[in-house]
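Asks: If you want the building blocks of each chain, they are given just below.
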Amino acid sequence: MSVQSSSTLDAVSRSRRALTWERRRAAVRRFWRLFRQDRVGLIGLAVLIVMVIVALAAPLLANSRGLNVTLAHGPLDAGPSLSYPLGTDTDGRSVLTLLIWGSRISLLVGITATLISVGLGAVVGIVAGQFGGWVDNVLMRITDWFLVIPFLPLAIALAIALGRGIGIIIFVIGVTSWPGTARIVRAQALTVKTRPYLERSRALGAGHLHQMVKHLLPSVMPLLLANTILTVSDAILAESTLSFLGLGDPTRQSWGEMLNNVFESTGGSAGNVVWLIAPGTAIIIVVLAFTVVGHTVEGALSPRLRER
Amino acid sequence: MSEVRLEGAVATAEELRVEDSARTRRPGGLARTLVIKVLSALITLLFVLVFNFFLFRIIPADPAKNLVHGSTSLSAKQLAALNRTFGLGKPLLAQFWNYLEQTVQGHFGRSFVTLQPVIHIVGERIWPTLLLVGSSTVLSSIIGLWIGIRAGWHRGSRFDKQSTAITNILYSMPDFWLGMVLLLVFSSKILIFPDAGMHNPVGTGGGLASLSDLLWHLTLPCLVLTLVYLAEYSLIMRSSMVDELGSDYLVTARAKGMRDRLVRRRHAVPNALLPSITLVMMNLGFVISGAITTETVFSWPGLGQLTYQALNAPDYPTLEACFLIFSAAVIVANLIGDLLLVVLDPRVREA
Chain A
8 MSVQSSSTLD AVSRSRRALT WERRRAAVRR FWRLFRQDRV GLIGLAVLIV
58 MVIVALAAPL LANSRGLNVT LAHGPLDAGP SLSYPLGTDT DGRSVLTLLI
108 WGSRISLLVG ITATLISVGL GAVVGIVAGQ FGGWVDNVLM RITDWFLVIP
158 FLPLAIALAI ALGRGIGIII FVIGVTSWPG TARIVRAQAL TVKTRPYLER
208 SRALGAGHLH QMVKHLLPSV MPLLLANTIL TVSDAILAES TLSFLGLGDP
258 TRQSWGEMLN NVFESTGGSA GNVVWLIAPG TAIIIVVLAF TVVGHTVEGA
308 LSPRLRER
Chain B
2 MSEVRLEGAV ATAEELRVED SARTRRPGGL ARTLVIKVLS ALITLLFVLV
52 FNFFLFRIIP ADPAKNLVHG STSLSAKQLA ALNRTFGLGK PLLAQFWNYL
102 EQTVQGHFGR SFVTLQPVIH IVGERIWPTL LLVGSSTVLS SIIGLWIGIR
152 AGWHRGSRFD KQSTAITNIL YSMPDFWLGM VLLLVFSSKI LIFPDAGMHN
202 PVGTGGGLAS LSDLLWHLTL PCLVLTLVYL AEYSLIMRSS MVDELGSDYL
252 VTARAKGMRD RLVRRRHAVP NALLPSITLV MMNLGFVISG AITTETVFSW
302 PGLGQLTYQA LNAPDYPTLE ACFLIFSAAV IVANLIGDLL LVVLDPRVRE
352 A
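Order-wise, the sequence lines are chains A and B. Position 15 of the first sequence, counting from 1, maps to 22 under the numbering used here, and the rest follow consecutively. Position 49 of the second sequence, counting from 1, maps to 50 under the numbering used here, and the rest follow consecutively.
Mixed in with the good hints, there may be bad ones.
What the hints assert, rightly or not - For the chain B half of the interface with chain A, some residues (derived, Cβ under 8 Å), not all of them: (1) T45; (2) F48; (3) L56; (4) N169; (5) I170; (6) F177; (7) W178; (8) V182; (9) L185; (10) S290; (11) P315; (12) L320; (13) F324; (14) S328.
Quick caveat, the hints were computed from the structure, so don't treat them as lab data. Cβ coordinates follow ideal geometry from the N, Cα and C atoms, glycine included.
I would like the entire structure built from these sequences, with the hints used as guidance.
Replies: Laid out in structure tokens, this is it:
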């Protein structure tokens, strides 16, 4: 009897889960149909896919020995030629090799820092929204405080205090850029909290954790997705700025690090103009692609924004 | 970099507006609002001071060692003397009290590099930064707001599409890179603009010649900051213009036969302008620290370049003072933005 009832319960819950997944798959399909209508968004998505493939395939596209100053034999600071399509830097390294390998660090830092930032922001926002009262008050004070601390000086101070390196850059960007996400998530959590289905779940005895993980998190997920993509573009710009100021890891070439080298070795007036133009253009293209895709996702998810 | 910050700022502005109107409905609301705002700004400032102190005193284990870059030529006796000079030997609480006292009095200690009082170094650098940031903010907000108004009003038009595309590209551009490209084009290739500094090093004589020399040097760095922030302001203005588009009062204005241009100028713009102007004001604090890279590229002798130099030294007392000024600038700009809203918004003022 008890075995039977538990197995029927199991069947019911499984079919419930199946239903949930079916609903989610339908939502994804609906989302994709709306996303597809935006030509600019599709172009942005294509650019991002190409960039990620280039970053992943860097070892196949360019020999990593080309990054080593002591192994570089090219002409110094020379313009584009057949063997060096984008010319060379002042150490005789191929700019194309630097650019390809730089995409790895720039994307890696941008995406990892974003995950930290969005994760922190989501947790703070959901917890503040769920508990309310003094928890909300304290968390929002901290958030406000991070909002008024200017990003660049704070990042510089932290990078100096903690040392220089790629992990530190990721950490610094992550812990300084979450307050915006926290505010947006909290606002959404507060509106969802008043909905009847959450009232029902509370009446059935759902604990804080259950409400936050099963109800609030899924409801802020779409918002979080758009926010994440938009944050990546900020993080990539932030990485390039910090690396440009010399706070990056000099042994790992990123696009910002390349621009730092251009500035430090030639003051910007390089013999090989492409060395300056290429990394900046790469940054613009990737940041623009993330921004465009983020806005398209936002539009596909929210009918109010779509009208704009 | 500033997208998140901006969204946050938008949220704060909107929330503040709601809070404001709720608060001012009570008797004696306006004065109360002002006092609360000033007080909370002061508390934030105190937080910044505490954070500043801990960040710069505790994490770098021994600033005196940094001063000599790890060279071993300094004896223990000399190190102790240096520690005394910078007050590093005392207990932490005493150091903090000492720090508060000195900061309030404007003593930021002496630079580790030049051994001059930091307050003098910083004092010299504030004016160039204010000149650069002020002129570029005026230009970028006027041009940005104008573009935003036109693009938002004629949403979907060719002007809207083109200006949105251009501002999005500008928004995605690292400002230091734009600066380097402009330097390359206008200073190395065609020798139009000077490549560094604020004045001609040879000297230009006085009066008008000196002023035009200054403007000459100001042009490129100001252009960079204007272009970068113009993108932000026009995007904000456009979206707040779009928000007003469907409003009832615009329908009413049109229904009574008002010409489109007048509807825009007398009804839509003043309403849409409100959040934008507040945001421009609040953003001003961030622009000051955002100028670090631009000042570095153009060797503009302001606080940003000073930060870059102190960062590479490293010169902790100078960095500390710069960090404090940058944070205070944001807090003050936020406060002014808040107060401006109270003054500009009749719903807040007269309630």
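Asks: State the violated hints by number, sorted upward, taking the hints as numbered earlier in the document.
Replies: none
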